[in-house]
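Enquirer: Line by line, the protein sequences are chains A and B.
The numbering used here numbers the first residue of the first sequence as 242 and each following residue consecutively.
The numbering used here numbers the first residue of the second sequence as 161 and each following residue consecutively.
Hints may be right or wrong, so weigh each one.
To be verified - If you want a taste of the chain B side facing chain A, the calculated C-beta under 7 Å gives, among others:
1) 166
2) 173
3) 177
4) 182
5) 184
6) 199
7) 209
8) 213
9) 217
10) 218
11) 230
12) 231
13) 250
14) 258
15) 260
Just so you know, the hints here were simulated from the structure itself, not pulled from any lab data.
This one's a predicted model, so the numbers in the text were calculated from it and none came from an experiment.
Virtual Cβ for every residue (Gly too), placed ideally from N, Cα, C.
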Amino acid sequence: MLAPNPTQTRSFLTGVLNALPMQIATVPFGVIFGALAIEAGLSLTETMAMTSIVVAGAAQLVALQMLVDQAPVWLIVFTAAFVNLRMAIYSAAMAVYWRDAGTWPRVLAAWFLNDQSYALSIRRYADVQEPEQNRVAFFFGVGVCCLTCWILACLVGVAIGNRIPADWPVDFAVALVFVALTAPWLRNWPNLIVAVTAGAVSVALADWASGAGVVVAISLAIAVGMLIRGKET
Amino acid sequence: MNPADVWPVIIGLGIASALIRYSFLGLLRGRKVPQSAQRALSLVPVAAFPAIFAPMLFLDGEGGWAALSFPLAALAALVIGAVTRSMVFSLIAGAAAIAALQAAGL
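When you get a sec, could you build the whole thing from the sequences and use the hints?
Expert: Here you go:
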């Protein structure tokens, strides 16, 4: 599948270099996940398997939290996958540019596609005219850089794991990760309303068994967002 | 935590995540996402993350309200993150705020 020509290699390396500065954002999340997973009682193998197989920080933290809360397995998978649903959009956006790509790059993309590889690739595709094989190579450059840093960061977190001082507000650290993921979105009223709705409904339904209220809150808030949007246009 | 649940979650979530990523690149190759579905999916993060963090900030897990320091520090992180559009600055602001608030005894 891969007999890369020199320009493809260059595109791949450009992808790696483009992704490097972005790792400032992923590394803290990886470290936090690794540390929390060990704290929560996952083994080294389980922690690294989850990080390497799922490769989605937010979904992993949701799953971890729900595991601690002893939610049923199906609900954990459903809720965490819900958080990952946004990646279906990424998949569709990439597919517009990947017309001739073979099966293998597409299958591998199921592992390497994330917020960063999507965002950087789409921007590059719009800005730079180059053959599709170079575009695919760029994507995998970004993806390999992200995944490597993600796994290494998680390992660092594992090493820190049990050494977190007992008086540190670990619960707050988990919440803070999600706050930080949300904050950059809250720059317009519709998004703000959706966020507040989701938070308020989720708090109101917190008594529901093992996190079922979260899924209801997400769905309701999305419905509200759709309604607001409907009035705008 | 029930240790027997861990591997089923890892495998199940791994498969689900891979399928979501593979969706339009593979399974639904070439299909277009309808506008409304695109809008709904783009709202997922804005809806999902607050639904997850709000109970952690406001509730103490035993039927009562949490201490004030959590929501206050989160507010700092939200404002800084929204203004700077940066997750990193948001994290730093939140961490600094919780440290200051707890040092102040809140």
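Enquirer: Kindly indicate which numbered hints from before are broken by the structure, ordering the numbers from low to high.
Expert: Violated hints: 12 and 15; rest satisfied.
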